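**Student:** Could you put the whole structure together from the sequences, leaning on the hints where they help?
Number of protein chains: 2
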Amino acid sequence: MAKTARKYFCGDEWTVVEREFSPEFSKVAESVFSLGNEYMGGRGNLEEETAAPTLCGNYLNGIYEYFPDKSPSAYRGISDKTHFMVNAANYWRLKISAMGQTFDMARSKTLDYERSLSLKNGRLNRCVTWVLDDLHIKMQFCRFLDMEKHNRAYQRVEMIPDKDCELTLSAEMDFCGTYLTKPSRWRQREITDGGIVCDTETSGQSAAVFMDATVDGMHAQEIVKSDRCLKHIFRIKAQAHKKLIFTRLVSVKADKTGGDPAGYAKRELQLQIEEGYEAAAVRNEANWAEFWDKSDIRIEGDGENQQGIRFCIFQLRQTYHGADPMDNIGAKGLTGEAYGGQAFWDTESFCLPYYLFNDPAAAKNLLMYRYRTLPQAKLRARELDCEGACFPIATVNGYESCGLWQHASLQMQPSTAVAFAIFHYVNVTGDTAFLYQEGVEMLAEICRYLASRGQWSPDGSYFGYYCVMGPDEFQMMVNHNCYTNYMAKKTFAYTMSVIEASQNKEKLLARLHLTQEELWDWKRCAEHMLILYDEKTKLFEQHDGFFRLPHVEVKDIPAEEFPLYRYWSYDRIYRNDMIKQPDVLMFMFLYSGDFTLEEKRANYEYYEPRCIHESSLSPSVHSILAAEIGKEDEALKFFGFASRLDLDDYNRNTAEGLHTTSIAAAWMNIVYGFGGLRSDGKKLILNPTIPAIWKSYTFKLKYRGSVIEVTVKKGEATIAVTGGEIEAVVCGEEVLLAGTREFEIEKGQGKRSDEI
Amino acid sequence: MAKTARKYFCGDEWTVVEREFSPEFSKVAESVFSLGNEYMGGRGNLEEETAAPTLCGNYLNGIYEYFPDKSPSAYRGISDKTHFMVNAANYWRLKISAMGQTFDMARSKTLDYERSLSLKNGRLNRCVTWVLDDLHIKMQFCRFLDMEKHNRAYQRVEMIPDKDCELTLSAEMDFCGTYLTKPSRWRQREITDGGIVCDTETSGQSAAVFMDATVDGMHAQEIVKSDRCLKHIFRIKAQAHKKLIFTRLVSVKADKTGGDPAGYAKRELQLQIEEGYEAAAVRNEANWAEFWDKSDIRIEGDGENQQGIRFCIFQLRQTYHGADPMDNIGAKGLTGEAYGGQAFWDTESFCLPYYLFNDPAAAKNLLMYRYRTLPQAKLRARELDCEGACFPIATVNGYESCGLWQHASLQMQPSTAVAFAIFHYVNVTGDTAFLYQEGVEMLAEICRYLASRGQWSPDGSYFGYYCVMGPDEFQMMVNHNCYTNYMAKKTFAYTMSVIEASQNKEKLLARLHLTQEELWDWKRCAEHMLILYDEKTKLFEQHDGFFRLPHVEVKDIPAEEFPLYRYWSYDRIYRNDMIKQPDVLMFMFLYSGDFTLEEKRANYEYYEPRCIHESSLSPSVHSILAAEIGKEDEALKFFGFASRLDLDDYNRNTAEGLHTTSIAAAWMNIVYGFGGLRSDGKKLILNPTIPAIWKSYTFKLKYRGSVIEVTVKKGEATIAVTGGEIEAVVCGEEVLLAGTREFEIEKGQGKRSDEI
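So the protein sequences, as listed, match chains A and B.
So in the working numbering, spot 290 of the first sequence is number 290, and the numbers just go up one at a time.
Heads up: take any position in the second sequence, counting from 1, add 756, and you land on the working numbering.
Simulated from the structure, these hints should not be mistaken for lab results.
You may find that some hints are simply not true.
Each computed DMTMM-like pair below joins lysine to aspartate or glutamate, with the alpha-carbon atoms no more than 25 Å apart [as the list claims (entries may be wrong)]:
| no. | chain 1 | residue 1 | chain 2 | residue 2 |
| --- | --- | --- | --- | --- |
| 1 | A | K7 | A | E304 |
| 2 | B | K1294 | A | D385 |
| 3 | A | K378 | B | E1317 |
| 4 | B | K1311 | A | E304 |
| 5 | B | K1292 | A | D459 |
| 6 | B | K1294 | B | E1355 |
| 7 | B | K1336 | A | E201 |
| 8 | A | K182 | B | E957 |
| 9 | B | K1336 | B | E1388 |
| 10 | B | K938 | A | E49 |
| 11 | A | K536 | B | E957 |
| 12 | B | K851 | B | E805 |
| 13 | A | K538 | B | D1215 |
Partial list, computed: chain B residues near chain A (C-beta under 7 Å) [unchecked claim]:
| no. | residue |
| --- | --- |
| 14 | R832 |
| 15 | I834 |
| 16 | Y1033 |
| 17 | R1138 |
| 18 | L1140 |
| 19 | Y1218 |
| 20 | M1233 |
| 21 | S1325 |
| 22 | Y1326 |
Not close to chain A: a few residues of chain B, all C-beta gaps over 12 Å, as computed [claimed, not checked]:
| no. | residue |
| --- | --- |
| 23 | G767 |
| 24 | Y822 |
| 25 | E914 |
| 26 | C985 |
| 27 | I992 |
| 28 | G1014 |
| 29 | A1042 |
| 30 | A1045 |
| 31 | Y1127 |
| 32 | T1185 |
| 33 | E1262 |
| 34 | T1496 |
Here the structure is a predicted model, which means the values were calculated and not measured.
Note that beta-carbon positions come from the ideal geometry of N, C-alpha and C, so glycine has one too.
**Tutor:** Following this line, the structure appears as C-alpha cells:
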C-alpha cells in the first residue's frame, strides 16, 4: 500500500499557497486553510456563498449536541446517548454584488487569484480581481483569530474598482449551518442589530456572537434580521481606483454550561473596537513570533518538509495551547465534523509529548481535563460493571460518546494512556504537586478499574485481560493483548511506587479511600500479569493465539483495496495476522527504556511487515523505531508523509478535516525519531541521526526551566542549553548539559542508556 | 437460575382457560390466545377497545416493511437495510354500546367471565355478562381462522339482554395499528363499503381485507369510512331475553410481491357468504380433528404437561403447516412483533424434526423456502467477500435482516443448518428427487461459502473458521468453534458423498458449475478441519482457548441478575467459560450417531454446569442428552418448563409473543428425549424411557408412508406400525417393525446402535 502525494498547494517555508481556485480541491483547501485559536475555529470557507463543493464549518470548542433520537440500547454498558461538536456561528460570510451580479469564485470571471495562509502570523489572505464586463474590482481578503484574546475574530476586505460603480456588501452572520447533513438545531434566544444569542437543543449550552462591521468607518445602511441570521447591508457608490476598506470585528462567547453570554460578548466587542483592527493585527503577529521563537523546527535542505512541519506545529497550536482546562484535542481539531469533535487516546499518546516539551502548562491542562472528567469516567466504569474509572474512547464532555461497543467496551488504552501521561508528565516536569494531588487520584481510580476488569486464569496462575481490543483495531475481542496487559502492569507498578514514595502514605490512602488489601491485590495482579514473550525469538505475541492466525501477505494486497474497511467485509479484516497500527511496537516505544535494541529489532521485523498503517498514527511510530534500530531508510520512508499528510492529502480524506492528532505525531517523528529523544527514563536521552537528504535540522525543548536547542548536521549534533544544567545521555554518553556542546554522531548506532 | 412458573391459566387437556380478566396478565393472555393459520394470524386481543394493557397485533405472513431510515453502514457487509413483519389489518374490532356506555373488560362491570381457547377446534371463546345498572347483557364471543381456506376469518357474537334496550354495534376494520411503538405506514389504495386495500410503504406489497357483517342476517344501517378504517354500524332495538347474533365473515388477501388483491378477496368473501358461518365452523372442526388424529401426543398421569404439549403442537400448526412455500417460521410466529417476524436457524434445527415426522410435505416446503431464497443467500455471501451462499441469521424475505454484525457476519449456523436439514430430510424421507434437484444445488453453494470463509493455519496444516460465533452466543469472535468446524466438515463430507453417488456425476457437476478442483479443495478442507478434541478426557473444546478462560460458577449467580444481558455489561458476558446454550452438545445431538455414550457423558458433564440456558432453546437439548446418558432426573428437570414455557410465562416475556420455535423443541424433547428417537443414522432408533411421574405417553411418527405409534409405559414400549414394515433399532435391538410389538425398557440404559 503506497500512499501517494496529491500535490496541490505551493508556497514557501512560511506560507501555504493556492495559486488557482479549483472546485475539485475546494474542500481540501477549506481544511488546510482552517483557522483556530483553541477557543474557536473553523474551516477556510470562502467568504461568499459558493457553488463550489463546500463543507461550511465554524466551531466552538466544547459546544455540542446529544443524539437524543437514538433508541435506548438493549444491552447494559452500550452507550445510547452520544454527543458531537456542532457547527456554530458563521461570522465570515460576506456577499459582494455589483452590476446585478454576486461574486462567487466558482461562477464569476476572475484574474490574479491567490490564496495563502501565513504560518508566521496566522492570517488567511486571498487576492483576486473580479471581472465584470469592462469593470475590474481588485479585492484583497484577510482574516485571523486572536491568539491571546480568544473571543475575538477579525476580517478585512479591501476593494479597488477600476471604474466608478455601485457595490452592495452584505456582512452576514448566522447559526444556520448544517451538521454534516443534518439541519442546524440551534434555537434563537435573542437577536439584535449587533448580534445573535442561541441555545443548543440538548446540551443546555449557549453562544453569543456580536459584530461591528464598517466600510471606511461607516456602519451599514440597512440591518436585516431573520431567524438565527443577521445581515448588515452596505450600499456604496465606489469611485474608480479608490480603495474601499471593509472591516469586521467579531466577538464570540460560548457558554459551555449554560448562562447568558451576551453581556460578555458585547463588552468584548467594545474593547475590540477600542483597540482597532490594525493594533490587534500587530499584537497577534507578535504573539505568533514569540511562539515560533520557542517552538519552531528548522530543516535545511528539505523545503517540503520544512513547510510541512511548520504547518503541523501551526495547526497544533491553533487547535490547542491550553487556554481552557475543559478543552481537549479533537481528532480533527476544529477543522471538520468527522469524529464529532471528539478527543481520543491520541491526546495522551501522540499529542502530549509536543506540549510537554513546548508548553508544559498546556500539557498539564490536558491532564487536568481528564481530572475534571474523572466523575464521568467513574460512572462509565460502573456501567461496565467495573470499579474505579474508565476513561472514554471518544468524548467532548467526558462521557463516553462512542456508540460502537466493540471500541467503547473493549479498548482500555484511553485509561492506561492517562496513567502513562501522568507518569510521562511528572517524569519530564518533576511536578510532584500535581502527582500527589490530582495525579495519584486518577492513578488509583485507573488501577481500580484495571483490577476489576482483569481476570485470573482458571488455575489462578496468571492475571490478564480477556475480550479486549488493543491499539490494533484489527484484532477484536482477544485475550491477553500484550499492549493492554503490559500497560496495565506498568500502571499498577507506577501507582504503587508513587504511593510508597508518599511522605504520608496513611493519609494518602485515607484520602483515596484505599486499603492495604487493594494495594496487595494490585501487586498480585502486576506480578502475575501474563506477558506473552518468547525468550528464544525475543518476540512479544500480540495476543494469545496471534502467532497461530492465518497469514495475509500485506504487500500483496492491491492498492485499490484500500482503505480496507471500505473494500473488505467488516469481519474479514479481523481474521488474520494483519494489523492496522502498532500494538506491540507501541508499548516498546512508550516504555522504550524497558526493552533492549535486540528486542525492538526482532519485534519491528516481525510486526512491521504485518502492518497496513490504516491509522494515520501508525507511520510515525514505525519511523521512530526504525531510526532507533538503525533502519535509516525505513525511518525516512515512514516519515515520508508524516509532515505533509494533509498538505498533500495522502489519505484522500483531508476534505473532511485535518488529521490533527496525526500531525502531532509528525513532531514526535522528528524529535523522537531523528532527534532520538527518549523521555521515559530517569534522564533525557538524545541520540540524533539525520536523514540523508537533510543538510541540518534544529529543534528546541523546554525542560525543567531550561531550553535545550538541538541542531543536527551530518556527523555532528550541537546542543545548546539556556538555563540550568541538565543530566542527560547524549549519543550514548552520560553528560551534564550546560552551555553549548558538540557531539559526534555515528550512522545506525542505536545505542541506549541501559547498554552504557 | 431457577425459572419458575407464573400460574395464571387453567382449563383441561384440550382447553386453555382464563377465569378472570386481569389487566396484569392481559398481554400474556393476548399471546397465549393467539390464532393463526400460517397465512395470517394475530394476538388474542379483546374485540373491544380497551383501557387494559394491550399489544394489538394482526399479521400477514411475509408482509413486511424495510427500515428505510437507517443510515448506510460505513462498513462493508454490515446490513444497512433490515426489514420486519408489520402489523396489518385488525378485522376483529367490535364496539358494543348501550345506555350511553361502551363495553370494555377493563372498565365495565361484568359477571360470569370466562375466556377459553379450544385446542380441539381452534376457536377462541369468551363469555361475559355486562352489567349496566339493572340491565344485564349476556355475551358470547367466538372467533376462528380457517385452516383449509387460509384467506378466511370468522367472528360471531351472541348477545342476550335481560331487558328491552337499544344497542349499538360498530364492526370495525382498519390498517392503523402501530408496529410496536411506531405509527402504521400502510397507505390506503382503495376503500369501499365492503373493504380496504392498502399498500406497504417500502416493500411494494399490498393487502386487501373485505368483510360481511350482519346482525341476525341484516346488514349495517350506516357505513363510515375514513383513512384506512371502515366501520359498519348497527343500531338495534334489542328485546329482553331474545338472542341477537352478530356474524362477521372476513376475507383477506395478501400480495407479497405487489398486485391487486381486491378482486381475489371479494370473490373469496362471496364464497364464504355462500358457505355460511355454521358450515365453515363444522368444516374447520373436522380439519382440526383430522390433524389431531395424526399428530397428537397423549400423556397419562400429567395433566399439566398434557395440556402444555397440546398447546405447543396447536400453536406450531397455527404458525406453519406448509401452506405456502414462501412462508417460514418466525421466532414468535404470528403472535408478536419481537424479532420482527423473522425466521432464524431455529427453523432447521428445532422445528424441522416435528414436520419431518408429522407433515413431510411441510418439511419440504421449509427447505423450498431456503431454495427460493438461494439468490439472496448468494448475494449475502458476496457482501461478505465469500463465494457460494450464506443463509441469513434473520429474515422474512431471504435477505439478511440482522443489523447486529456480530451475529450476521460471524454466525455460520444458518448455512450449516440448511445443509443439515437437507441431509436430515432426505435421510428420513428418502426424497432423492429433491436431493438431486434443489438439495444438491444448495449443498454445493453452502460448501462454496464454507470453503471461502474458512482459512488455513499459517503452516497450512489445518483448516478452520476464525472469528466466528457458534450457537453459544456468549463466545464471540473465537477461532475454531467446534460446532462450526464440525458442521462444516460434515457438510463438505455429505455434499461430496451426494455428488459421488450421483448417477451422472459429470452432468451434475456441469449443472452446478462445479469443477473437480473445487471438490478436491472441499476434500482437503474436510480432511484437515481442526476439531479440538482431547482423547484423554473425551472433551471437545468449544473453541481454541475455551479451556483456559476464567471460570464463572454459574450456580452462584444470583437469580436477580437474570436475564444477564440486562444486568451484566455487554462485554462482561463474553469473557469467561459461561455459555448461553448448547454448542458442543448441539452437534453431538444433531449427529448423534457419530459419538459414543462415553463422549456424550463427558461433554455433558463438562458443559452443562457452564450453561445458563438464556436461550429458550437450550433446556430441551440438554433434556434429550440427559435422557440418553441415563440422567433421568435431569432430563425431567430440563423438560420441566419446555411444554409450558408460555402457558406459565417462565421467561416473563410471553407478553411479547409466544416462543414459537421453542415450543417446537418441546415436541423434540418428548419424542427424541423420552422417546429416544434418533433419525441421523441409516435406521431409525427408538430407545424410550418414561419420566417417573408419567403413567404412559403416546406419540405418532409418519415415516416413509407408514405411521409408527409409540406407547410407552413403565417398563414397556408398544410400537404399532400401520403401513409397510420399517427397519429400526428399538431398545438396542435391530428389528423389522411391522404390526404391533412390545419391547421391554430398562432404566438408564442409553444403548446406542453403534454399540450393538
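**Student:** Checking a non-interface call: every C-beta of chain A should be farther than 12 Å from the C-beta of B:Y1127. Is that right?
**Tutor:** Nearest chain A Cβ is 25 Å from B:Y1127, so the label holds.
**Student:** Does B:E1262 sit more than 12 Å from chain A, CB to CB?
**Tutor:** holds (34 Å)
**Student:** Against the 25 Å threshold, does the CA-CA distance of A:K7 and A:E304 hold or violate the hint?
**Tutor:** Given pair A:K7, A:E304 holds - Cα atoms ~11 Å apart, limit 25 Å.
**Student:** Mind checking the alpha carbons of A:K536 and B:E957 for me, to see if they're no more than 25 Å apart?
**Tutor:** violated (65 Å)
**Student:** Between B:K1292 and A:D459, does the CA-CA distance stay at or below 25 Å?
**Tutor:** Measuring from Cα to Cα gives roughly 19 Å; hence the hint holds.
**Student:** Quick one, are B:K1336 and A:E201 close enough, alpha carbons at most 25 Å?
**Tutor:** Roughly 42 Å separates the two Cα atoms, so the pair is violated.
**Student:** Holds or violated: B:K1311 and A:E304, Cα atoms, limit 25 Å.
**Tutor:** violated (66 Å)
**Student:** Report holds if the minimum CB distance from B:A1042 to chain A is greater than 12 Å, and violated otherwise.
**Tutor:** holds (45 Å)
**Student:** Does B:C985 clear chain A by more than 12 Å, comparing its Cβ with all Cβ atoms of that chain?
**Tutor:** Holds: least Cβ distance 28 Å, greater than 12 Å.
**Student:** At a threshold of 7 Å, is the proposed contact between B:S1325 and chain A supported by beta-carbon distances?
**Tutor:** holds (3 Å)
**Student:** Taking the least C-beta to C-beta distance, is B:M1233 closer than 7 Å to chain A?
**Tutor:** OK, holds: B:M1233 within 7 Å of chain A, min 4 Å.
**Student:** Could you let me know if the closest chain A CB is still more than 12 Å away from the CB of B:T1185?
**Tutor:** Fine: 36 Å to the nearest Cβ keeps B:T1185 off the interface.
In this structure, the earlier hints numbered 2, 4, 7, 10, 11, 16, 17 and 19 are contradicted, and the remaining ones agree with it.
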